[in-house]
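Undergrad: Sequence:
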Amino acid sequence: TTFPCPLVQKTTMRFASTVASLVLAAVPAAVSAEEVLGLHGSGTTNPSKCFWHIMEKLEEQIKIPTRLTYRAVGSGTGQKEFLGKVLDPEDPDSGFTEKAYNDFGAGDIPIPSADRDAYFAKGIEFVQLPFVLSAVTFFHNIPGVPASGDSQLQMTACLLARIFKRDITTWDHPDILAINPNLNVATDYPIFVGRRVKGSSSTYSITHYLRAQCPEEWEEEDTASTVDWHPDTKACDGSGPMTNCLKNNEGSIGYIDAAHGHENGLTEIRVRNGDGRYLTTVESGVAGVQQAATDLSAAPPTADGDFSDVAFYNMPGTNTWPISLVSYVYIRKDLSHMTDVRATSLVKAFATALFDPAYIGLCDRYGLLPVPEDLKKLSLAGLDMVDAGDAPEWKFEKDTMVGEGAGDYVISKKRRSFGLYEADRLADDVGPLAQEVRELKLQLAELRSVQGLSVNGAGGKAVRAALGATAVVAAAMGYLL
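Note that our numbering has the sequence shown beginning at -9, numbered continuously upward.
Misleading hints may appear alongside valid ones.
To be verified - Below are the DSS-like pairs computed for lysine-lysine, each with C-alpha atoms no more than 27 Å apart in a straight line:
#, residue 1, residue 2
1, 75, 385
2, 53, 75
3, 112, 53
4, 385, 53
5, 89, 155
6, 224, 155
Unchecked claim - Label-pair restraints from in silico Cβ distances:
#, residue 1, residue 2, range
7, 415, 238, 33 to 41 Å
8, 306, 187, 51 to 59 Å
9, 286, 403, 29 to 37 Å
10, 218, 266, 29 to 37 Å
11, 55, 375, 26 to 34 Å
12, 115, 388, 30 to 38 Å
None of these hints come from the bench; they were simulated from the model.
Glycine included, each C-beta is placed from N, C-alpha and C at the ideal position.
Using the sequences and the hints, build the whole thing.
TA: Structure, rendered in structure tokens:
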């Protein structure tokens, strides 16, 4: 096969050996018959890969059989399961069980003030530990519109609000064309609007952004994690379904965490930030996301306080990203409900790892950034409020601890598994491959946007060949990532 450009040829030829290596690395080890120590959490999908990676790293470094799991079910569900805001199926009239369904919860939104106050009044106290920052953004699927350059799609918060309210229903609306003079779409080209359903931190974030920048178009009552959406919008609940909604529907628009969107090759919209500048998360960069979280005046003094006013939307700064969000881990201060006493101290050790560069540093590849130092100190002090009872104390072996490092309750960086070692090593190869695929997709988008060029017209043979090669590479990258 003759490839239309060197990048396709290079990328296609490189992925095969990496796939084979990862398949070998993924073979599971035998499970010991010894009683397994378990720790289980649930909540937001945004940092799920981060959790899974750190959990597998801890399983590798702990001597005794240990299994850590995390269900990515959304912030709303994670909060309900953490608080026990679930009706007893055998006696639904009795109200919420208030029984914790997870050992810890996680969300990209703080627990509401009303819930916090009600539970604290009943003696059910907890801490909320902010541990990472990330970005949420809008993506589209308008064929032929490039992902970079002067013809990249850009939007104000007011235009986005009108689209999601269905006041604007076509891409050739005069107000859209006014700030996108190079947008070339068919007359009355319909806009497919994808949105989340259940309590979603992504919905919470984008609605707060719309309200902050365009209060005249977005009402306070629709600024929440759950919204009464227009019936003409389409339910795409979860990061995976939202990705599919965007990929499978031409003319679509939706919102998702930036890392997930770019990982799946979606095309980002340039949105206007607090200083009036249009930019993408790529252009804003790490510094832009972190800049949004410099004002911590709304944060409580302690981790068991009320975080409901902490928000980083439409903050000032030339490169500041306007939809930056903080992710929290929720842990009850009294862990006596946990059946295995060893797990009560393990949950504290796990949470401690979220603030250790050796562990949280694994998560930058997923678009997650450590919180500012002041929030880190607040969270670590909050862990001291958690009562693990008489559980064994877990220690971290970073430098060799002769004798003591061989103990059952030592998390040792000296202990490794070949599978995770190989996967971490190969991540260095996967990263450049993923970037090459993204660059290839940008080239193809530019090819499609050239006037008169189509898969069926002049130059179509080259485009079809490029598209076919891209499908092969993209499939491989989907497996690898």
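Undergrad: Is the straight-line distance between the alpha-carbon of residue 112 and that of residue 53 27 Å or less?
TA: Violated - the C-alpha atoms of residue 53 and residue 112 are around 39 Å apart, more than 27 Å.
Undergrad: Determine whether the Cβ-Cβ distance between residue 306 and residue 187 falls within the hinted range of 51 to 59 Å.
TA: The hint (51 to 59 Å, Cβ to Cβ) is violated, given that residue 306 and residue 187 are roughly 33 Å apart.
Undergrad: Keeping to a limit of 27 Å between CA atoms, is the pair of residue 224 and residue 155 held or broken?
TA: Holds, at roughly 12 Å.
Undergrad: Check the hint pairing residue 75 with residue 385 against an upper bound of 27 Å on the C-alpha distance.
TA: Between residue 75 and residue 385 the Cα gap is close to 34 Å, so the pair fails against 27 Å, i.e. violated.
Undergrad: Does the structure keep residue 385 and residue 53 at a Cα separation of 27 Å or less?
TA: holds (12 Å)
Undergrad: Given the hinted pair residue 53 and residue 75, is their Cα-Cα distance within 27 Å?
TA: Given that 27 Å is the threshold and the Cα spacing comes to 36 Å, the pair is violated.
Undergrad: Quick check: does the Cβ-Cβ distance between residue 115 and residue 388 fall within 30 to 38 Å?
TA: holds (32 Å)
Undergrad: Take a look at whether the Cβ-Cβ distance between residue 55 and residue 375 falls inside 26 to 34 Å.
TA: Between residue 55 and residue 375, where Cβ atoms are some 30 Å apart, the hint holds.
Undergrad: Check the hint pairing residue 89 with residue 155 against an upper bound of 27 Å on the C-alpha distance.
TA: violated (38 Å)
Undergrad: In this structure, is the beta-carbon distance linking residue 218 and residue 266 contained in 29 to 37 Å?
TA: holds (30 Å)
Undergrad: Take the C-beta atom of residue 415 and the C-beta atom of residue 238, compute their distance, and say whether it sits inside 33 to 41 Å.
TA: Holds: the Cβ-Cβ distance is about 35 Å, inside 33 to 41 Å.
Undergrad: With respect to the beta-carbon atoms only, verify the hint that residue 286 and residue 403 lie 29 to 37 Å apart.
TA: holds (31 Å)
The structure is inconsistent with the numbered hints 1, 2, 3, 5 and 8, although it conforms to all the rest.
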